[in-house]
Amino acid sequence: MTPGSTLPADVEALLGVVQYEEVGEFPVEQGYVWTTCSSVENGNPLYWDDAVADELTHGHIAPPTMLSVWFRRHRWAPGRTGETLALQAHFDLKARFDLPEAVITDNTMVFYEPVRIGDRLRTHQILRSVSEEKRTRLGLGRFWVIDVEAFNQHDERVGTDSYTGFGYRRDEVQA
Amino acid sequence: MTDTRAAYHRLLHGEVREGDALPTLTYDVTATTVVLGALASRDWRPMHHDYDFAVHRNGLQDIFLNTPNQAAWFERYVTDWTGPTGRLGRMQFRMRSSVFPGDEMHFDGTIEQVQVDDAGCGWARVLVQLTVGGETRSDCTVRVALPVSPDDNPWDRTGDQWQP
Numbered sequence: 001m002t003p004g005s006t007l008p009a010d011v012e013a014l015l016g017v018v019q020y021e022e023v024g025e026f027p028v029e030q031g032y033v034w035t036t037c038s039s040v041e042n043g044n045p046l047y048w049d050d051a052v053a054d055e056l057t058h059g060h061i062a063p064p065t066m067l068s069v070w071f072r073r074h075r076w077a078p079g080r081t082g083e084t085l086a087l088q089a090h091f092d093l094k095a096r097f098d099l100p101e102a103v104i105t106d107n108t109m110v111f112y113e114p115v116r117i118g119d120r121l122r123t124h125q126i127l128r129s130v131s132e133e134k135r136t137r138l139g140l141g142r143f144w145v146i147d148v149e150a151f152n153q154h155d156e157r158v159g160t161d162s163y164t165g166f167g168y169r170r171d172e173v174q175a
Numbered sequence: 001m002t003d004t005r006a007a008y009h010r011l012l013h014g015e016v017r018e019g020d021a022l023p024t025l026t027y028d029v030t031a032t033t034v035v036l037g038a039l040a041s042r043d044w045r046p047m048h049h050d051y052d053f054a055v056h057r058n059g060l061q062d063i064f065l066n067t068p069n070q071a072a073w074f075e076r077y078v079t080d081w082t083g084p085t086g087r088l089g090r091m092q093f094r095m096r097s098s099v100f101p102g103d104e105m106h107f108d109g110t111i112e113q114v115q116v117d118d119a120g121c122g123w124a125r126v127l128v129q130l131t132v133g134g135e136t137r138s139d140c141t142v143r144v145a146l147p148v149s150p151d152d153n154p155w156d157r158t159g160d161q162w163q164p
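If you're matching them up, the sequences are chains W and Z in order.
All the letters of the first sequence, read from the start, carry residue numbers 1 to 175 under the working numbering.
All the letters of the second sequence, read from the start, carry residue numbers 1 to 164 under the working numbering.
Honestly, the hints are just simulated from the structure, not real lab data.
Be careful, since some hints might not be right.
Claimed, not checked - With the Cβ distance kept under 10 Å, some of the chain W side facing chain Z (calculated, not the full set): (1) G43; (2) T57; (3) P63; (4) M66; (5) P100; (6) M109; (7) V110; (8) S162.
Cβ atoms here follow ideal geometry from the backbone N, Cα and C, with glycine treated the same way.
The whole structure should be built from the sequences, with the hints applied where relevant.
What follows is the structure, encoded as structure tokens:
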């Protein structure tokens, strides 16, 4: 344990370590791009007009903020047992600290090479920090920061998605 | 010479000033908005589609917009303003409280900073606030690249020429 730190040694040992390396279950696809644009009524011609996509990005790309979409697993797949969760490091911390609830409070995304239709992306997760116990209006818990780094099939970095999570236990209601 | 480029709105870096405001976007959120946004972002967690889970398990008033879909709303808001040559470099946001069905979302943006970096790329930093009934639900800061001339295309930048 680092002097002055009250983090459990097994949690501290995870700081800065690459975890959960994986390749997306499916190639980046046009249908999800249109569904996402439709969900927020995004009429950007870059995603709808072949001529604009050819002129500006030499073919269709995905909206940058869709980065996390390409790593979210199917809800069910043949032969799979048990539940699989996006941002697994977040759920690991919930379980490690026995915190039943959790929310994402901050999200920072940095975008590099554009994500193209047909790309097969890979990712990994890195735990950057875990706070001491803190009380908020939600309850007593801990904040943590997890980076999700993403690369394309050419090993070019396409983006980093950094999440601040707060895992907590709801305060008991006083009678 | 004939301009063969596709016709679309193209905001240039020289057209923006610090302190300028973006046009307001308003949108009435329904349960469909929340569920469509969650499924479009492949987020199967029940608090984004299951009222009973959101209320009785999470202690909230209803299902609520998920994180990736809020990001998609912020992106749409900023690129409505820039046109397709606006290229997002960085987005940071903090959700102060949730957005629920029945809420009328207001997106308002202000340009905090305008700069050209060492590689000659033009940038605007925009503060976007998502409010409901005057209450801030999320703050978002977006760093977006804009063309510095009619022939400039931020999407062509790669390697050292792209510093998001």
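Non-conforming hints, listed in increasing numerical order: Structure breaks no hint.
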